[in-house]
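**Q** As you go down the protein sequences, you meet chains A and B in turn. So in my numbering, spot 586 of the first sequence is number 586, and the numbers just go up one at a time. So in my numbering, spot 249 of the second sequence is number 1034, and the numbers just go up one at a time.
I should point out that these hints are in silico values taken from the structure, not numbers from a laboratory. Beta carbons are placed, not taken as given, at the ideal position from N, Cα and C, and that holds for glycine. All clues stand as given, with none of them false.
What the simulated footprint calls covered on chain A by chain B, stretch by stretch (three residues with Cβ under 8 angstroms from a Cβ of chain B suffice, anywhere in the stretch; the number is not a length):
id, segment
1, 313-322
2, 325-332
3, 406-412
4, 704-718
5, 723-735
Here are the chains, one letter per residue:
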Amino acid sequence: MAAATVAALTLALVSAGCRTPTAIPTASLLEPLARPVPHPPDESDAAAAHLAEAALAGDTPAMERALGQLYAAEAERSRLEREEAEARNRRRGPRVRPKVLGLHNPPEGRPIVPHALNLVNSSLENPIAYRRASARLLLRADLDAGLRERLQRAVNDDPLRLARKRTWDTRQIYFAHVFNSVSAPLGRSLVTGVAMAPYQLSMAVVHFAAGLWERTGMTVQERQALVHRKRFLAAHPHAPEVPDIARKVETSEAKLRKLRRKRTLERAHVALDAHQPELASVLAEHALLSSPGNEEAKRVLEEADAQIARRDELRARSLAAAEDGPRDLALAPEETRALVESLLVDSRELVRETRALRRAAPGPELRDESDFVLALAQYESGYESRSWENIADLAERSPRRSNMARYAAALDESSWQNPYGSYVERKRRGRSRSALVEIFGRWANGPRYRKLPRPLAYLLDLPAVAQTVITTPVRFLLTGLRDRPDFQGPAAVAGYRYLALHPDGQHSRELIEWLFEYEKSQKNWPAALRLADFQPGFDPESRRELVEETAKLGLQAADRIDRPDLRNTVLRDVVRQYPDSDAGYMAGILAREEVKLASPQRIRMTRQFLRENPQIAGTGGLGLRPALLDGELYNGELHPTGVTFLGGRVVEFNLVDESGDEENAPVKVRHEVSSERLARCAAMLEETTLRNARIDPDDELAPDPERDLYFERARLGLTEDLDRRPSAQSTYVFEGMRERYGMVRGRDSILPFDLVVTGSFLDLSIGAYPRWRQPRETPDAFLYR
Amino acid sequence: MVPHQAVRARLATAVLVAVTLSAGCTTAKRKKQEAIYGPTESVIEVIAVLRRHISDDTYRFPPPTDFTGRNVYRASLLRLENMEHLHAGHLRAGHLDASVAFAKGRALERLRGYDLAAQHYRSAATREGVLQEPARQAAVFCDDLHRATALGPDLVDPLSAEAALPLDAEAAVAGWDERERRLTDLLDRAGKKVPVHYGFIVKEEIERTDVARARYFAALRHALPGGQVRAIAEAQRVIMRHAASKEYNRHVIDLADLYADLAEEYVEANPPHSLRFDPPSFHELVESASRLYQTVASRDGSPEKLEAARRFEAFLAFTLQVDSDRFSQ
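Throw the hints in and build the complete structure from the sequences for me.
**A** Written out as structure tokens, the structure is:
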């Protein structure tokens, strides 16, 4: 027992003794920079220089001469290398790798001849010739990866090649459409029962046909191909391919014109249906410009013009006075005068004068006018609801018998004049819409095929609609888990309008409470808090929660802002407005930290990035002590957050603290480095990242003009004048590939299709089938829609 | 009758009924529309509607419209004028000419026709009665308003041949300051000697003065020293001073447009590929314009929302021409 205790104690002591404490380096974190060894230029150098001069001067014979010299010098160099290697092999044995000889050798085994050939090719004036020469150059085996990628891009940037590619994409899209239309129903029926296969397949065929009908006539890729071909014609008007390409362009342009005309007319029809004849007329005229004899466009134009004429006639009529004179003057002139004067001078005698008018003209002729004036008097006396009820009654009267019904209807329907009525109506519509969406799902917005005749479109969607309706209870159960659209937004707008118009109105309390609940449901905490403050006796605990949520929202907003000045303003605002909240306290700390650690730049390289790109950390770049990246804590180690450029010549090194725990905040050490070191580091960093991006598409360097500007100035040694503008600050982070993608990067499958397994509680479907992948759209596809 | 003849006859009857019903529906709809847009039948009809909107705060809220979609003040004025033309005798016989003149004054002052409104009020004040004193006060107020609004350069009508901005900025500012001083005096009178709605009219005029100033400095920003900063400051001043205005969104869009114009001019003067292009300066202009457009684009229920959203989209499309290494969103 005692022996065991002693053993355990010894083990613990040994273990503690073995745990090496992390060292914080006290000496310089940087090593002296490597000085390039100067060497006398050899024949290759001289030939390369002659070649560059000749290329810049556009002297083809001189270029050929220089290229010949370079070939000879390189051949000689290769011969010497070979002989040296053989001699070495003889001395040391065959397994030793031949050392590169060099009076002057291209760095890292990059042969100079392919670069020289590319230089000669780039002096070709005809881009077609350059692309062909580059394609030939690509056949060489001695190209370095960077040059290979650059040449490949040049070869690919051929308008005709791009046009062919886009045309191929179009065919692939059509094929994928057909393939997926068949495979999906078949896959579903195989899993859920073969008996359904004929039905599923026939539905698939019908939907495929409907999809074809709905098709826009020209895909984005076809339009891209057209532009590429036009670019080719503009750049090479004398190329032999021109007649063939011109024919294709003509065909595609005719197709595009037809498509545009069709779309314009569709929009014109929609405008006509929406009682917007001016818009319909403009669109029809536009269609007629491209196709002067188009009968449909003419019909739309005629219809639009007729609607405009009719409306103008009606509007002009509405301003005219009745031919038989004002009937109030005919029936009760004195009472009319008294009432009119009361109306004009903001009199309190409106009711009395109206009653007098009724007594003088008891018939139905002036009933409308008196009802309207009484509703008006009620409104002005604060009987808001009763007044609007009377206005609504008046609005419902037949316009053939009531001359005031039209004014009452306009008042009743105006969301500015009658915001409460509008709120009630919009709320009702929002609820109905919500119920419709719950029951019919996506079908609440209408059938899938908008260009088919409505009944047919609904008929095609009927099975899917029925399925959706049946599964309504399931969706109700999942309501809490789904994001639901905001159906009550319009009602809220009307509610706020009411409060703006009548802050102390009859419905203010009700609306404040409703809006409070609405804003809470939308997680719009600042608005909810504002509304809570209008509610007397609001629970203080709930208010505290609202304050906390609002402050948190402010903190999140600040986090999304890149510019330090704006971020700090938001943080200070949060502190000032919500000083008692936790988030407000945190905002205060952050604001103070920001000021304390403010620097013109915050460009960072992570430790992983430096490990993956040792040339940047090495003496050819920043010159970081290798011990800081070797993974050993005893000699000091860089924190995963790495190194930060703070602007000017100041660099901040983040080191792992004494505990050795990388999760802890780093120990920050600032150094002012020499201009030369900064310039070399910037140059190496830029060279390396650009090369990486060229070789590996996943290692793309995100654009950041402020970062580039800082490095540009660093390379030129112009960092002494600090650019303190907040908008000049970059917070770019250079991260390693492992940090970005993890241990294994996802790769696209080599198969042209994905295997899909689907199952849905909502429509009770289950299936497994291959789905043909559609070609990816190019980044500029949005310019062709 | 043989069976197929009977079927044919039934079919023909059905078609006839359907056609008749459809034609009947169309006619009924047409008649209803005609009734809605029927002519004015009484004086009370026009004046009651006008009265309903006299006290509307047109500074904070959009001006009211009637069933035709026209501005109520303009529609009322036109209806009264038509009634006068057709039935002047009736109106005179009913001693309503003063009332009609007064009502036209009320409509005209909402249409910025202050001098004409004053004329009509003076005409109404010639007749004794309850309207006489209010008409006199309104005439004086409208005259003062007319004189005040004539001070300083106004917004320029781009189609006017004589339109020219004075180049003396100091004189122009002095004119606007005087205009504003007088308008502020008039604002104090609203609700005391004259009805409250004059306060809304005066506020609209003050806003118009501020907008005229901002437009003036925006138009002359290349000609005046420090013109760009002054133009932005003036546009910001309008926004700050008229946060409650119905035109607030419009003012924000105006400032965003100014920033967008500056960004475009900056790119023209310093092409992005040139050495003179300074990314942070361009970034600041773009950020300011974008932020302002987005502010308006997020405001539900206003037509400016659509305008701001589309302008923002168009502005972003413009930034596409700047190389990504010189500018990135």
